[in-house]
Amino acid sequence: MRALLVRDLRLAVRAGGGFGLALAFFLIVVVLVPFAVGPQPEVLGEIAAGVLWIGALLACLLSLDRIFALDFEDGSLELLASAPVPLEGVAAVKALAHWLVTGLPLVLAAPVLGVLLHLPGPGFVWLTVSLAVGTPALSVIGCFGAALTVGLKRGGLLLSLIVLPLYVPVLIFGAEVARRGAEGLAVGTPLALLGGLAAGAVALLPFAAAAAIRINLR
Amino acid sequence: MSLWEYANPVKFMATSGRVLPWFAVAAGLLTLAGVAWGFFATPEDYRQGATVKIIFIHVPAAMMAINAWAMMLVCSLIWVVRRHHVSALAARAAAPVGVAMTLIALFTGAIWGQPMWGTWWAWDPRLTSFLILFLFYLGYMALWAAIEDPDTAADLTSVLCLVGSVFAILSRYAVNFWTQGLHQGASVLRAGAVTGSDTEEKVSNVYAVPLFVSMAGFVLLFIALVLMRTRTEIRVRRIKALEARARMGDA
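Chain order of the listed sequences is A and B. Residues in the first sequence are numbered from 1 upward in steps of one, following the working numbering. Residues in the second sequence are numbered from 1001 upward in steps of one, following the working numbering.
Bear in mind the hints are in silico, worked out from the structure with no lab data behind them. None of the hints are false.
Label-pair ranges, simulated between beta-carbon atoms:
no.: 1; chain 1: A; residue 1: A132; chain 2: B; residue 2: W1022; range: 54 to 60 Å
no.: 2; chain 1: A; residue 1: G38; chain 2: B; residue 2: L1020; range: 57 to 63 Å
no.: 3; chain 1: A; residue 1: Q40; chain 2: B; residue 2: R1083; range: 56 to 62 Å
no.: 4; chain 1: B; residue 1: W1120; chain 2: A; residue 2: I28; range: 28 to 34 Å
no.: 5; chain 1: A; residue 1: L204; chain 2: B; residue 2: N1176; range: 19 to 25 Å
A partial selection of chain B residues facing chain A, derived with a Cβ cut-off under 8 Å:
no.: 6; residue: I1132
no.: 7; residue: F1136
no.: 8; residue: L1143
no.: 9; residue: A1146
no.: 10; residue: I1147
no.: 11; residue: L1156
no.: 12; residue: V1159
no.: 13; residue: L1160
no.: 14; residue: L1170
no.: 15; residue: S1171
no.: 16; residue: A1174
no.: 17; residue: V1175
no.: 18; residue: W1178
Please read these numbers as outputs of a predicted model, since none were measured by experiment. Ideal Cβ positions, reconstructed from N, Cα and C, are used throughout, including at glycine.
Work the whole structure out from these sequences, hints included.
Laid out in structure tokens, this is it:
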């Protein structure tokens, strides 16, 4: 399983795919927002937390179809399915690799982009915390969606239609943590709910993803 | 004689063919009676005026929008556990009916909300969760449509339905947490209303009786439509099988 993780990370970095791309997309979204809503600092500061969450979510979505598609095309997914590791573990490792390649850079970049959007001072910590807790859930939900659509020719658009409604609870609690943090309010409740949601998703969805892969490989 | 006999398509087609006209007629009569009674024979509300009459479509449609998903969930479970094809096809047949009910509820709600709340749309928990339910339906139907092999499609949509149900419930409570709403709470069927311990406002009997007629009509309408669509799905499946056999014969 560790070999699989290392292999996935290497592929992501060397094949010039997701690694920089999601980050660049995140940057672009953040740059476009002031053009759309105007550059007044007070307006931007108010929406910064939500915009950064939306940007992170879309950037995460962008690279989802690569989780399984390439392996499915060249047949290595079937090898993985017949390898002596449980398919649930493979799905979990794939989601972990996706998070390390896209989620983690987004978490690290978010505070920097927060400066561009005039995010209020106390918001930086909570934005980072909420993204750090929430993005693993985004990766693992997306991994499930990717597993559902892996055999389809043009699965990308369908994938976003399926995955985005599933992202709603994570987005609500994550953005709530960031917004309350930015306004200096207590964040305990939404943070606990976000954490519970992420833990539940990470614990259960690899099983659903593995079931979907088995069906697709049948 | 058990319920599972109807998993046999032949048996299902025979029985559903016999009961479908009854359901269709009863659904038409009750829906028409409930809506007509509601529209023409109830007084105007002292605060809401004539707009209160939207309730006779809005509430039953909203009820069926949720129940359709619940039915799809049950059918998906039956398919996953016992692999009865009729069950999977019924789930597929229910989705467009459910999405239509969701749309009706959303649109009648908007028409009602405009004069009552002064807005077509509010990011209220109930409204928002219905919009999300609508998106779930769309994703579910798109996945059905995208996969060629019928068994794979049934399997994958079942998995999506199970996971989606969990997330639909999560979203419901998440949006509750996210914002406080304009929409009133449950005021038709409540535990307290039956025992008489309820002191809150509830829908008065003048409206409640035709509303129940209309709700019963919508339930029957849903059953009739799903039966009809399931029969169509089975026939489509048979035609495909016959075509495949004909091609085999040519080769």
